[in-house]
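> With chain Y fixed as given, assemble chain D onto it according to the hints.
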Amino acid sequence: MRLLILMVLSCFCVVFLNKKDQVVAVINCFGVWSAFSLTYWGGRGVSWESLSELFCVDIYRRSLISLTLWVCGIRIIVRRALVNLRGTFNLFWVLVTLLAFILVQCFIVNTLAIFYVLFESTLVPMIRIIGIWGGQFERVPSIQYIAAYTVGGSFPLLLVFTAIELHSGSSFMWFICSKMDFNWIFWTACFLGFLIKLPAYPFHTWLPKAHVQAPVGGSVILAGILLKLGGYGITRLMILFSYTLESFGIFVIVLSLYGRVYGAVICIRQSDVKKLIAFSSVSHIAFPVIGLFSCTEVGLVGAYIMLVRHGFISSGLFVLCGISSELVHSRKIKAINEGVRAIPSLGFIWLVIIMANLGVPPCPVIIREVLSVVSAIALWPWVFVPLALYFVLRGVYRFSLYCQLTTRKVKHKTEVLFNEVTLKDIKAIYLLLYPLVEVLFKWDLWAIA
Amino acid sequence: MRFVSYSIGQRASKPKYTWQHYFKMLLVRLLTWSLMSILNSFTLLGLRVVFGSTASYFGSNEIVLWFCWELGSVSLLSVNLEMCLDWISLTFAAVILLISSCVGFFIDFYIKEDKLKVFNWTVYAFIFSMIVLVFSGSIPMVLVGWDWLGVTSFLLVIYYNGKKSLDAALLTALTNRVGDSLLICSTAGMILACDLRLDIKPYCWRVVFVMGCVTKRAQVPFRRWLPAAIMAPTPVSSLVHSSTLVTAGIYLLIRSHVIWEKSPVACIFLVSAGLATSVIAGYSAVTENDIKKIIALSTLSQLGLIAFRLGLGEIELAFMHLLCHAFFKAGIFLSIGSIINYGTGDQYFIKFSGATAALSPTALLRLLIGRMSLVGIPGTAGYASKESIVAVSYRNTSLPAAVLLVRSVSLTMLYSARIVKSLLTFTYSAKFDLSKSYESFKLSLPGLLLVVFGLIGGELVASLAVNNCFFEGASSREAWISPYTAIIIGLILIAGVRPFSNNYKEEEVKGTYRIVLFDTISRSISSDAGVDQSDFFRSKSDGSSEVYLPQEVWKAGVRYLSGGHNVAQRETPPVAIAGSSGVRRAAIAVV
Chain Y
43 MRLLILMVLS CFCVVFLNKK DQVVAVINCF GVWSAFSLTY WGGRGVSWES LSELFCVDIY
103 RRSLISLTLW VCGIRIIVRR ALVNLRGTFN LFWVLVTLLA FILVQCFIVN TLAIFYVLFE
163 STLVPMIRII GIWGGQFERV PSIQYIAAYT VGGSFPLLLV FTAIELHSGS SFMWFICSKM
223 DFNWIFWTAC FLGFLIKLPA YPFHTWLPKA HVQAPVGGSV ILAGILLKLG GYGITRLMIL
283 FSYTLESFGI FVIVLSLYGR VYGAVICIRQ SDVKKLIAFS SVSHIAFPVI GLFSCTEVGL
343 VGAYIMLVRH GFISSGLFVL CGISSELVHS RKIKAINEGV RAIPSLGFIW LVIIMANLGV
403 PPCPVIIREV LSVVSAIALW PWVFVPLALY FVLRGVYRFS LYCQLTTRKV KHKTEVLFNE
463 VTLKDIKAIY LLLYPLVEVL FKWDLWAIA
Chain D
13 MRFVSYSIGQ RASKPKYTWQ HYFKMLLVRL LTWSLMSILN SFTLLGLRVV FGSTASYFGS
73 NEIVLWFCWE LGSVSLLSVN LEMCLDWISL TFAAVILLIS SCVGFFIDFY IKEDKLKVFN
133 WTVYAFIFSM IVLVFSGSIP MVLVGWDWLG VTSFLLVIYY NGKKSLDAAL LTALTNRVGD
193 SLLICSTAGM ILACDLRLDI KPYCWRVVFV MGCVTKRAQV PFRRWLPAAI MAPTPVSSLV
253 HSSTLVTAGI YLLIRSHVIW EKSPVACIFL VSAGLATSVI AGYSAVTEND IKKIIALSTL
313 SQLGLIAFRL GLGEIELAFM HLLCHAFFKA GIFLSIGSII NYGTGDQYFI KFSGATAALS
373 PTALLRLLIG RMSLVGIPGT AGYASKESIV AVSYRNTSLP AAVLLVRSVS LTMLYSARIV
433 KSLLTFTYSA KFDLSKSYES FKLSLPGLLL VVFGLIGGEL VASLAVNNCF FEGASSREAW
493 ISPYTAIIIG LILIAGVRPF SNNYKEEEVK GTYRIVLFDT ISRSISSDAG VDQSDFFRSK
553 SDGSSEVYLP QEVWKAGVRY LSGGHNVAQR ETPPVAIAGS SGVRRAAIAV V
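So the sequences go chain by chain: Y and D.
The first sequence maps to residues 43 to 491 in this note's numbering.
The second sequence maps to residues 13 to 603 in this note's numbering.
Accuracy of the hints is not assured; some may be wrong.
Said to hold, decoys possible - Computed, partial: chain Y to chain D, Cβ under 8 Å:
1. 47
2. 288
3. 340
4. 343
5. 402
6. 403
7. 409
8. 415
9. 429
10. 430
11. 433
12. 434
13. 437
14. 442
15. 445
16. 485
Derived from the structure by calculation, the hints contain no laboratory data.
Just so you know, even glycine gets a beta-carbon here, dropped at the ideal spot from N, CA and C.
Pulled out of the complex, with its shape left as it was, chain Y reads as follows (with noise of 0.2 Å):
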């Protein structure tokens, strides 16, 4: 509460301020609330201190709110990379502003019905930024897409929820159901919504169309916070309805390990880098999904690991993406290996990236690997075949990458001039790296014990 007034006042103060001092204001603003979300984090458990009775936070929220603030104060440094001359600049931090601030309500707020209406109405602002700032011509399709995934597919928790309230006369968060057994179409009409925004595989379609259409702030926030909103709501469903190992769990588990190696096959063959990301981060995805459906601790605390660190990793890799085919006005890997040579501290930048997102050690996610291999072959020891397979497909689209992107193929010297092209925004990408050396020493905050 003392966050959200504190967003609210601070941006009534912003709007006096001339227009060229506003943004750098929003940013600072942005510094501030993530700092400020940071005295929240006392204690492990549900901390109800000076929160109203509509909010309260515990670990998860907590942690998933100062990955919000920050990540869409980078997306507004990150503007830069909006080179087309569609809407005012102004605009678009507002509309940042308002998607953070629907968001964090969403992560703190205790009813379900609101939790709804919040986590529907993040659309409207995202599209916004899509259809004006979106690079290509077919935005509108993908606006299409979105839409249509994420509308319908929660449609049925609508249901739920409906069902909650006329059952027990309320929907708050913490009650636990009393009644113990449901059967699969109940489970799917919870977690339906929540997987395809996260996205599980079957339903994936829509994320690379809405990446490759955004702008690069849009793609971080997306792969940022978007998607973490679906690993949110399956953690307080599961809570909720005492989730435990169901088939419809293990249904989802199996579909997931097969997408997983999918995307990173997909991966292999793609020479959009825009998409690449996108599809590596679908399969990226399918970790959080196996560690919250095998309703292990170990899962738990690795698909948390992993929510928060692909907010950043993920996000870094968009932002450098952007920059890097700013320079050549392309998202073809071919185009842009030319400008990653013109400009060498960028290859030494891209691969730093990858290789955190491969999860060479002082990164977060070799915990996070070994921590989900240990949540899914606690169900079944056979299943490190395809994780193992895994692994291996997505050192090769890693490698190759970084390989397409820094080495030279023909002798002659490039033509472009790179001479006056300076690196814009690669600041971002520092801010972005630093929190993950925070979750690595902090990567057991989401144990419950």
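Frame of chain Y; chain D shown alone:
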């Protein structure tokens, strides 16, 4: 928009330096300089001395130090970064540091000046990650070192940035990635057993673990990357393929032998993979013409022997052979590097000319000594370690395994003899003029040092660190005197037989192959390589008339060794039997 102007564009666009800027630049320079001066080869050498003496102290007093840093815990599992300092890790770290300091001296002269800095940083990162792996005491630490090794070796192999090195780098990285994935899975299995240390009781995922280690070690199912990875610059290959990267897997197996030792599946896998690797690599090395590739393949076959020994459960013997092998293989690589450097840059040793040989006499000498040690002439470290392998295999394995082992060892002799022979040919035809030799002292010193260590150092290090645990069998009279007697008898006999078989040079080469290879293979080899070899042999027969006898004697000795050494070592028989059987084999070889 103030923020925008603050961002990086400003620095690039305005070249207006204030005194603060100069001060900052000076500071940065100073920092980098001091870092680089700390991070040089002398420091590595000093660290090596420290580690070595600590190792001998720890070894004699049986001290083990554990450092543990808890990263966090979930349910029953706590993830710790543990460092384990005992004599094994300290000795191996000392060896790595010694080799890498020598390689560091070499790099300064080998790589062009403008790229030296980046290259040096990569190499130091590589060495550091190897040291991390060596000191690791629990699986999370192993994963750290392992992944860093994968990435840095990828960067080193890709260094020349061409099509071939790109392919090689991808092959290297991906094969290591297979190892990574298997290791991660086995870590997960360990977590189910709730303990992440490396010396825990056996658990059910040990086969996966062993498979994971095998990838980095380039054994049979995953052996393709090592010959490909010689696309890296030569100092790197001497570092990567001798002492560090390929031995990482072996070292990990040695470290964690408690885990897999009791599993028959893992042991059988190790034995068979090791044997298959060493025999296959030996065959390919015999047919290969690229000299760097031959050496990489010979590394492969040596590693196969070590794996074989590990599978038999002889952990400490394997460790000792690892050390010796690291020394002389690094030395050989360095000398090959300088030979290639002074020659035309060509790696096909058929094309080496007398001029090349004359320019780098020290390199030739080093190559010769290193080869001697690799072949295992008595008195060298290679002999002591290899002899014990053969002896153990006679005692413990079935007949086919022993036959394969002997075959792989004799293949080693054969390709070593091939290299030495080709180079010695030029040595005799070339005119040495040391005053005009371009080989600088600094370039040749590190390799010489390494080779000398390969000659004696393995035994020295081992006997310093452990109080005589290796040399119980080898110190007896038979192990040292009888092989030499056998060799001398063989030499005399062959020197007597040689003049009669002078006319059959071509036949004789084919005959040598025919003994070792299967007949069909040998025929295809000699017909394939016939085009290349014809001028090669002609050049030999041109100017070698006056130095004919010593050369022949040398060749005969080597050939004798290729047959006789192992026979001599069987159960350490009396001199007469060993000598006679050796002579019989030599006679077969000649006829």
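> Could you run down the list of hints and mark each one as holding or not?
Going through the hints against the structure:
no.: 1; hint: 47; result: violated (26 Å)
no.: 2; hint: 288; result: violated (22 Å)
no.: 3; hint: 340; result: holds (5 Å)
no.: 4; hint: 343; result: holds (5 Å)
no.: 5; hint: 402; result: holds (5 Å)
no.: 6; hint: 403; result: holds (4 Å)
no.: 7; hint: 409; result: holds (7 Å)
no.: 8; hint: 415; result: holds (4 Å)
no.: 9; hint: 429; result: holds (6 Å)
no.: 10; hint: 430; result: holds (4 Å)
no.: 11; hint: 433; result: holds (3 Å)
no.: 12; hint: 434; result: holds (5 Å)
no.: 13; hint: 437; result: holds (3 Å)
no.: 14; hint: 442; result: holds (7 Å)
no.: 15; hint: 445; result: holds (6 Å)
no.: 16; hint: 485; result: holds (5 Å)
Consistency note: the structure conflicts with the earlier hints numbered 1 and 2.
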